[in-house]
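*Asks:* Same order as they appear, the protein sequences are chains A and B. For the first sequence, the working numbering begins at 129 and goes up steadily by one. For the second sequence, the working numbering begins at 129 and goes up steadily by one.
Just so you know, the hints here were simulated from the structure itself, not pulled from any lab data. Hints should not be assumed to be uniformly reliable.
Stated by the list, open to error - Partial pick of chain A residues on the chain B-facing surface, computed with a CB cut under 8 Å:
(1) G135
(2) L249
(3) H300
(4) A333
Said to hold, decoys possible - Straight-line Cα separation of at most 27 Å, BS3-like style, residue types lysine-lysine; simulated pairs:
(5) B:K148 with B:K186
(6) B:K148 with B:K191
(7) B:K191 with A:K172
(8) B:K148 with A:K344
(9) B:K191 with A:K191
(10) A:K191 with B:K172
(11) B:K148 with B:K181
(12) A:K172 with A:K191
(13) B:K191 with B:K172
(14) B:K186 with B:K172
(15) B:K181 with B:K191
(16) A:K191 with A:K181
Keep in mind that this is a model prediction, so the values were computed, not measured. Note that the Cβ used here is the ideal one computed from N, Cα and C, for glycine as well.
2 protein chains.
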Amino acid sequence: MSGATDGEGQLEDERRSARKHRAILQAATTVFLSNGYLGTSMDKIAALAHVSKQTVYKHFADKERLFSEIVTATVDEIADPNTDEVLNLQDTGDLESDLRDFARRQLRAVMEPRLLQLRRLVIGEAGRFPELGRLFYERGPGRTIEALSAEFERFASRGALECDDPHLAAAHFNWLVMSIPLNQAMLLGENEPATPSELDRFADAGVRAFLAAYRKG
Amino acid sequence: MSGATDGEGQLEDERRSARKHRAILQAATTVFLSNGYLGTSMDKIAALAHVSKQTVYKHFADKERLFSEIVTATVDEIADPNTDEVLNLQDTGDLESDLRDFARRQLRAVMEPRLLQLRRLVIGEAGRFPELGRLFYERGPGRTIEALSAEFERFASRGALECDDPHLAAAHFNWLVMSIPLNQAMLLGENEPATPSELDRFADAGVRAFLAAYRKG
Numbered sequence: 129m130s131g132a133t134d135g136e137g138q139l140e141d142e143r144r145s146a147r148k149h150r151a152i153l154q155a156a157t158t159v160f161l162s163n164g165y166l167g168t169s170m171d172k173i174a175a176l177a178h179v180s181k182q183t184v185y186k187h188f189a190d191k192e193r194l195f196s197e198i199v200t201a202t203v204d205e206i207a208d209p210n211t212d213e214v215l216n217l218q219d220t221g222d223l224e225s226d227l228r229d230f231a232r233r234q235l236r237a238v239m240e241p242r243l244l245q246l247r248r249l250v251i252g253e254a255g256r257f258p259e260l261g262r263l264f265y266e267r268g269p270g271r272t273i274e275a276l277s278a279e280f281e282r283f284a285s286r287g288a289l290e291c292d293d294p295h296l297a298a299a300h301f302n303w304l305v306m307s308i309p310l311n312q313a314m315l316l317g318e319n320e321p322a323t324p325s326e327l328d329r330f331a332d333a334g335v336r337a338f339l340a341a342y343r344k345g
Numbered sequence: 129m130s131g132a133t134d135g136e137g138q139l140e141d142e143r144r145s146a147r148k149h150r151a152i153l154q155a156a157t158t159v160f161l162s163n164g165y166l167g168t169s170m171d172k173i174a175a176l177a178h179v180s181k182q183t184v185y186k187h188f189a190d191k192e193r194l195f196s197e198i199v200t201a202t203v204d205e206i207a208d209p210n211t212d213e214v215l216n217l218q219d220t221g222d223l224e225s226d227l228r229d230f231a232r233r234q235l236r237a238v239m240e241p242r243l244l245q246l247r248r249l250v251i252g253e254a255g256r257f258p259e260l261g262r263l264f265y266e267r268g269p270g271r272t273i274e275a276l277s278a279e280f281e282r283f284a285s286r287g288a289l290e291c292d293d294p295h296l297a298a299a300h301f302n303w304l305v306m307s308i309p310l311n312q313a314m315l316l317g318e319n320e321p322a323t324p325s326e327l328d329r330f331a332d333a334g335v336r337a338f339l340a341a342y343r344k345g
C-alpha cells in the first residue's frame, strides 16, 4: 500500500472509504433499531447514509452481515463502560451504600433507550440469529454477573457477605435490581419509561432485599 | 337467524364457518410464532389452514387483527392456569415448602416453549404493537404479581413474612424465581433449554433468597 506511486490520492480514497463505512454503520443502526430486521432494506440504509446501494454492498456483503456488525458494535460500545462500572464498585466499608451507588449506575445504563431497543430487537430475532443473542447475553448480563461474582467472593472472604455460591448471589443481585423496570420496558415499550428517581427506588429496593438475604450475620 | 327458512343448511354453514375460523387461528399461531410478524403473510396462513386467502380475509379483516387475536388467545390460554396456580399456593404452615412447590410449578409454566416464543415475538414487536405488550404484561407477570401480593399480605398479617410493601415483595419473589432461566432463554433462544431439574434448582434458590430476605424474625 505505502509503495503506491500516487500515495496522496490513495490516502484520500481510503479516508473517503472509511467515512462511508462509518456513515453506513450509523444509518444501519438507526434503520434496524426502528424497523427490525425484516423491516429493513439495503435501499433504506443507502438512502439514509447518502450512498448508493452498490456502495453498501461493497462495504458489507449482505444484510445479515450488516445486522451482525451493528449489534456487535452497539453492544460493545455499551458493554465496555458497564464493565468499568463493575470495576468501579467502591469498597469504602459501607457495603449498603457502595452497592446502592453501583446498582443505581448500572440500572441507568441498562435502561438507556438505545440499549432497550437493541435488547428487544435481539430477543425478537433470537430464533433467526441465535449467535447475536449469545453475544448480547455474554457481553451484557453475563459479563456483569461474572464480574460481580468475583467481587462478591472477595466480600464473602472478608466476612461481609454470606454466599456459598458467589455466581448465584451475583445473578440474584443483578435481577433484583434490574428485573422490575426491565421487564416492564421490554413488554410495555417506551411509552411509559421509568423516571430516573423511580429507577433509583428500584435499585435501592433491590439492594435492600439482596443484603437482607446475603449479608453476613 | 333462528327465523331462517332453511334452518338445517344454515346450521351446517355455521359449523363449517366455525371450523374454518379455528383452523385459521391455529395456522396463524404456528406461522406467526415461527416467522414473526413481518415474516408472516396471509398466503402462508391460508395455505397451512387449507382455505383460500379470501376466506382468511372474510374471518379476519387484516394481518394486524389476526396477529392481535392469536396473541390474546395464546396468552389467555396460558395465563388462566397460571392464576389457578397462584390460587393453589398451599398454606400448610410450612412456608418454605409451600413457596417452593408453587415456584417450581410457576417456573415450568413460564418456561413452556410456546410461551417463550410468544414472549420473544411480543417483545420484538412491542414498538409496533404496544397494546399487545401491555396485554402480555398484564395477563402474564402483572397478574401473577398481583395475586401473590394478596397472598403475601395475608402471610405478613399472621406474622410469617415481614414486608411493608407486599407488591414489591411479590415482584422480588417472582423475578428471583424466574429471571435467571428466563433471561437466558430470551437471549439464547431455545438451543440450550434448561432441564426440568435445573429449573427446580433455580426455583428453590430463588425461594431460599426470598425467605432469607423476607421471613419474619
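*Asks:* Taking the earlier hints as the rules, which of them does this structure contradict?
*Replies:* 1 and 8
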